[in-house]
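First to last, the protein sequences are chains A and B.
For the first sequence, position 104 matches number 104 in the numbering used here, and the numbering has no gaps at all.
The number in the numbering used here is simply the position in the second sequence, starting from 1, with 150 added.
These aren't lab readings, by the way, just hints derived from the structure by calculation.
Treat the numbers as computed from the prediction; the structure is a model and nothing was measured.
Fair warning: there could be bad hints in the mix.
[As the list claims (entries may be wrong)] Computed cross-link-like contacts, BS3-like style, restricted to lysine-lysine with a CA-CA straight-line distance of at most 25 Å: (1) Lys88/A - Lys507/B; (2) Lys84/A - Lys813/B; (3) Lys107/A - Lys813/B; (4) Lys813/B - Lys700/B; (5) Lys124/A - Lys84/A.
[Unchecked claim] Facing chain A, from chain B, some residues (calculated, C-beta under 10 Å): (6) Phe413; (7) Leu414; (8) Gly678; (9) Ala955.
Ideal Cβ placement from N, Cα and C applies to all residues, glycine included.
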Amino acid sequence: MKNILLVEDEVHKRDEMKQCVLEAYGLLPEVVDGVSSAVHMVQNFDYDLIILDMALSTFGESAEDKKKGHDQAQGGIEVLRALKASGKVAKVLIVTQYPDFYIGGTKVKLKNSVAVVSEKYRQKVVGAVLYHYKSTPTLQRITSILKKFK
Amino acid sequence: MQPLALLEALDTRPALHLMLQLAQEFGASNFISYKLAYLRSARELSDEDLSLVGEIEREFEHSKSPGLHFSALENVSSKISLFVVAQRRTSGLVGRVKGELRTAVSLSNFIPTPLDLDDLSGLLLRASESSLLDTIYAILVIFNMPREFEDVKKEFSLRLNECITQEIKKSLLLALAASDDQLVTNFYCVHNENSGPSLDLYRISSAFLERPRLAAYRSKIDRVIGIRLLGEILGKKSSGVTPAYEDKTSLLAPDGHPILDEFLQLDSFYRTYLFLRFVSHRPNLLTLTKDEVKFIFENTLGLEMLLSEAEMRALYVTSSPESKSLVAVLALALYRKRSIDPDVDFEFRSDFIAHVKAVHDKSILNFIEYLLKDSAQVANYIVGSLDEVTLEKMYGLINNATDASNVRQDIMRAVGHKLNRIEYFIEADAIATRAKLAKLHQYFDSSRMYVDSVAMGKWLDANPSISTEQYRSLHSRHGTLLISLEDGGAQLLIQIIEKNEYLIRQIAEDAFEQFCLNTEFGIESYLGRRIRHNTLDGVTTDTVDAVFRKKEHTVAMSNPSLRKAVDAWLLSYKSIIGKLRREHLQFKASGSLFRSTLDHNDPTTKKNVQNLSRVLLTSSGAGELLNELVVGFCWRQIAPQLEHAARFIRTSLLREANAALDKHFDGHHGSLELQIKAELREAVNEVFKKVADWFQVPQTGYTPASAKELCGIILIDLKVTGEPEFRGNAVDSRYTGMSVHRLYDCLAVLLQNAQKNSEPGYTILVQISSQAHKTNDALEFLSVDITSTADNSKYERSKQRIYHAIATTEAGADMVTEGYTGIKKVKYITRMNEGIHTVRYAVDDESRKVTVGFSLHAELAPGDATQVAV
């Protein structure tokens, strides 16, 4: 596992995810914090694994003008659409704070999202984790999934 | 009922008396509501007529339940866009009616003729539930559709009392003799310049379905347009009712072309009907050239509302490379108007991005200018589709939020130039002003609630409800009367309030729902951001974690038994927080702390509505400030809910968390345990207090500012270091709402002029004075005069220039070519606010002092507003 992209806009969660990746693979992922930059990265580079948050702002705090732009509650899905449209397939790990989200107008439980997203966006979704703030079990679960798909 | 079938032939007064008599005998009915809606839309009613309308409405108890009556008016009135209102009703009711169109009157009225046998029973039940008159009317409609419902008609004839059948037949014969030529009046047409004969007749026909020709016409269009308007409700039922239309030559014929099977001539609406039938046979699309696609887009109505995404996709896929740009814009407009599949939206955006990259050098503006060169009409679609949110999602073309906002401004200006309309320049300027004023307010750094009142104001303007339209027309009728009554006439003012309060109640209800639930600016979206961005988790967890991390507790925490107690408590604590997030802070959850509806029995709500009614119905300047006053109402209305939420969090939740502490830390582990418990109690207290503090009403939904503060921002922008001298009784008075934006725009022009012409070393004087409004405490009449000492070489020229700018009478369109800038802009803004422009000037040749000033009504910020750093 060499090329890893972490799409996450929340600082604390991002730091925890980076630690999980470091623990599992001994390297740090590339990080983007907005939908626009995530779409740009997946369209222009190939990634082995993408760790994906769902609720994101369009540009994130790292935008040149320091404006995050509008929030996209399903911003992560835009990244999946971009992957599919580019004809690319990557391993995807969804890490979100919502127990369910909307795909194609239908509410999907997070636990069922692996199958739904894999099929609809033709990606290899390796897991969907409900993130809890500062929760050791959550981090253990993420690390264990990452290690499993080494 | 029979005389009302020929309503257009009756004089207004006898017709109203007839309706009143029917209302007294049979109570409220959709039938009378429609007839009344027709009269109100087709004729100008005198005050005496309106008083009779009031009597009918009182019989209906309209003010207690305005839904029925409004529904007829919004279907018939030319002042309301049928497309907009259908979308609003559909999205409001889709979750409640479960695909059953006839469950709600407001939906059923969009398709007043039965679609098929399955629909017939629902239509009859709907009619029989509202009134006996409606039941008879529904039977008349069925009798008027013998081709579709011959068997049903026979059944009715067999089973109905002979006397009723005879009367029905008599009514139909009478209606058959009616000529429909006089139904659409000039008065009706002038209220909607974009309408046309076939759409006017379609809308008006809903009030005259006892006429066979109109019932047949209405039914024919209902089966194509009506079912698409309610497509979200009807789902699959909405396709394939009518055969495809194949005659491309007639479809592309110019307006005025005779329609074979109708008594009308071809126009935009009828062409839309034909095109929708044409599209239903997909191979037809392959035959359309670029010019034909363009012609159709320019000469049809509301395609973005009426085409399905599958049809749009087919149109895009089959269109020639040259017409793809046009189709892409329409497709984006379709998405923005309706919540369709976001995957399809993504595909269209990707196509659009690829096209602009390949053909227009990555420049959206270049693309727009190309399109506008070719077709002015497409501008309407562009303005609707390429808003800032959509522009931000043009990945690869738009690099950041500022870029999106600049491109939107450029688009508005390009469209304004093309259509020669000043409104687009004003909106472009408003975007720039909003960005500058954002310096006054960091959206989420404050711990208080936030609703984007500017976005909400725009939404209210773009989506007027029937009650808003009614109010605006009432206000324009009574405006002069109100000015004369401001110094007296209390009794008449009370009567005006009593008669029209239901309108304000309806405006308040609609606005409050958006204030709470709108995904772009509502309270719910604020709560969502709070939760999503971990503020809630961060606050609730960090404080408690800090206790466990303390060095002095390391020993205690290594005790397995105490550790177990800690884990058990943490579990129950997190479950309390989880419940807060999942239930209490969600509007639609069962345990929600918030509700988006108004309880009119609640004394606070009553008082808020009464206050809003008093100001809106009795202040002469209130019509212009409608949005601001409504947003202010919403804040007052949400205040008790926020207080309740804060109290609930601070008391009930805190009590629950403390009870959990007592349960899990029972003292078995001695003083160390008790110490941890005490610190946790303190931490938990702090947590819930902090969270409760979020639920406070901000001083205003807008950013309040004084004229002095605004001058400060403007001078920073102008890179001026010297401080002007401020004088007057209103230097530090703070204003709110759109008043701040208007004030900013006017000050920016005058300060820039003063600074440009001023001789170095001379201080600019800013005189800011105000007078209280006679009847409204929330308003002030503000006057600003800016004096500068002109440079000797510039004095005469600047004097002449100012004189000329003030003396010139310019129309909005002139400003498109001459520029929406300078003193003309201040004149325009004050004219929009005050009815006439208020710009004035004075000069002193001896001292070369030039004073330019303006006055406007401005909304005062609440007295306790906090200081905002500039």
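- Item | Hint check, failures only | Failing hints, ascending: 2, 3, 6, 7, 9.
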